[in-house]
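Asker: Single-letter residue listing:
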Amino acid sequence: MTLILVLISLVVALIFGLMPITRTRLPVLLGLSILAIFAFQPALPVRYLDFWLPTTSITIAVASWAFTLESKKNWARDDWLTVAIIVGMILVLGLNRYLQNSLPFTASRPPNILQITSAIFLSSIVVITVYLVTKKNGKWPIIAIGLILLIFLILKIPVLSYWVSFFLHKLTDQYSGAVSADDVRWLGFSYIAFRLIHTIRDYQAGRLPQVTLAEYVVYIIFFPTLTAGPIDRIERFILDLRQPFRLSSDDLVEAGRRLALGLFKKFVVADALALIALNGINAWQVRTAGWAWILLYAYTFQIFFDFCGYTDIAIGMGRLLGFKLPENFNQPYLKPNLTQFWNNWHMTLTQWFRAYYFNPLTRALRSWNRALPVPLVILIAQTTTMVLIGLWHGINGNFILWGLWHGLGLFIHNRWSEWTRPHFAKLSFPWQRVIQGGGIFLTFHYVALGWAFFSLPNPSSSWHILLKLFGFV
Amino acid sequence: MKNPILYVIILLFMISMLTACSQKDRQALVVEEYLTALVAKDSTRLTTLTCSDWTPSALNELNSFQAVTASLQDMSCRITGVEDEWTLVVCSGDIVTSYNGENQEIDLSVRTYQVVFEGGEFLICGCR
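One line per chain: the protein sequences are U and R, in this order.
All letters in the first sequence, in the order written, are residues 1464 to 1936 by the numbering used here.
All letters in the second sequence, in the order written, are residues 3 to 130 by the numbering used here.
Simulated from the structure, these hints should not be mistaken for lab results.
Hints should not be assumed to be uniformly reliable.
Subject to a maximum C-alpha distance of 20 Å in a straight line, what follows is the list of computed SDA-like cross-link-like pairs (lysine to any residue) [stated by the list, open to error]:
id: 1; chain 1: U; residue 1: Lys1633; chain 2: R; residue 2: Pro58
id: 2; chain 1: U; residue 1: Lys1633; chain 2: R; residue 2: Ser54
id: 3; chain 1: U; residue 1: Lys1633; chain 2: R; residue 2: Thr46
id: 4; chain 1: U; residue 1: Lys1633; chain 2: R; residue 2: Gly122
id: 5; chain 1: R; residue 1: Lys43; chain 2: U; residue 2: Gly1640
id: 6; chain 1: U; residue 1: Lys1602; chain 2: U; residue 2: Tyr1819
id: 7; chain 1: R; residue 1: Lys43; chain 2: U; residue 2: Thr1465
id: 8; chain 1: U; residue 1: Lys1787; chain 2: U; residue 2: Leu1710
id: 9; chain 1: U; residue 1: Lys1787; chain 2: U; residue 2: Phe1770
id: 10; chain 1: U; residue 1: Lys1633; chain 2: R; residue 2: Glu120
id: 11; chain 1: R; residue 1: Lys43; chain 2: U; residue 2: Ala1641
Work the whole structure out from these sequences, hints included.
Answerer: Right under this line is the structure:
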């Protein structure tokens, strides 16, 4: 997200926070989130795709709510009014097409109004079908999650996204010679997918609280957290949403502090470090081990300040809107071991994976008829979790290697800690501090070396930089 | 929740009124958007404003601006005629390019753009 968009969002959030609204808080938040999902979507080389993708995000959110509606009860009057607001806003944004100097809510000229109304009609058919046909039990939750993951795979696997782009270019009668796997950039879908899967799984387990359509859609596309999280849980989110909200001086001060910190971290520190951070070009240009370490350290801190900065901005904006969003970072580079690093880096992501993958997998492996040894269960669970987290970032060999690097590191730490715990407790306090300091140093460098896979486009570049770091080339 | 419906209706009405205030033909606007995308080196935008036959030429033209800093000066486009399925658009003003401190002006009026209506959009499909 650009600085301009961030600043505009801040101003909007501040105006919203200062307005004495109570009854219309939810519909206004809904309207703002719908506007934001269109405004934040970058322009795409496929004609109208930057209009259809946000529309599809909203349709999927509505369909998911219809899917998770307990006992398929009748829609309330407020839910129908929410549908009217959503449809109305999409139509208004579509009418942007007919303005000579179009309003800055869509990345490019929207499709014509006939196409938009047809799409709304088709979306309604999809939502009604989901509402009438699907059930809580059996195969339906699996199908729903499978479809979400299928979209995710299409967006992340270059070959698939290339062919989707090619197909879309043909559909819109555009020149297909410039097709690229990067054409289909669906803003926020990764985070939307996490929220959707969380609600579907919780619905399946009977844990999902009953929410109105407006509450659900606002949760799924909440604009401060759309592009970079944090990944909130719906039961926590709606507590804040349902509270009457009036912006206090404490909220203003705390929001201001987080926003100032976030803007400084992201747009000053991270963007400055990006000038010398390790990348696919300078990895091959660097000549000495010393400079290779500087590039690596620059990337290590750039990625932290970039991500942490966005989180601070999201939390600050959320505070202006009356939401105390969960924290995502807690000094991860100062943790003495890899387990604690991952408990303090992108915390909402690790909590999500722990809840919806790691714990269920561990339980399943331990309850097999043939009992697997506990260390093997831990190895499988940790490495596969980290590989999946790597693949979530991108589906290529380097992200798999990054996932394996951390998965194996976690397993080694798990076994080491099991073995040394009784011995560590017998050490005097000064020695414990020394070992802790050594742990921080080692953990930081282990994570930093792992970024050699994350930051570079292919294994050969990563291998080259690793050799360069230790003076072998 | 009745008020939000009213707001949306008012917004729809206002947008409708704004659409009636359009002072320039869409064909001329498309050429202006094309030239804006060209100097901004925005290939993403450029490919959505051109027909599939003209896109390779447009991308070549965009590549020719990669090494320079370019901007538009006093650009204004208007329709000058219709020929078969083509609407002819001519622009006034200049593209100002800068390289290593040296400026060059490219007169926009020497070109006539051919705009075609295809797939519900006006697209640039050639120039003379």
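Asker: For every hint, state whether the structure bears it out.
Answerer: Hints, verified against the model:
1. U:Lys1633 x R:Pro58: It holds: about 15 Å lies between the C-alpha atoms, which stays within 20 Å.
2. U:Lys1633 x R:Ser54: 10 Å, holds
3. U:Lys1633 x R:Thr46: The hint holds at about 16 Å.
4. U:Lys1633 x R:Gly122: Satisfied, since the Cα-Cα distance of roughly 15 Å is no more than 20 Å.
5. R:Lys43 x U:Gly1640: This hinted pair holds, its Cα atoms lying about 18 Å apart.
6. U:Lys1602 x U:Tyr1819: The hint holds at about 17 Å.
7. R:Lys43 x U:Thr1465: 18 Å, holds
8. U:Lys1787 x U:Leu1710: Cα-Cα ~12 Å, so holds.
9. U:Lys1787 x U:Phe1770: Within the cut-off at roughly 18 Å; holds.
10. U:Lys1633 x R:Glu120: 14 Å, holds
11. R:Lys43 x U:Ala1641: Holds. Lys43 of chain R to Ala1641 of chain U sits at ~15 Å (cutoff 20 Å).
Checked against the numbered hints given earlier, this structure breaks none of them.
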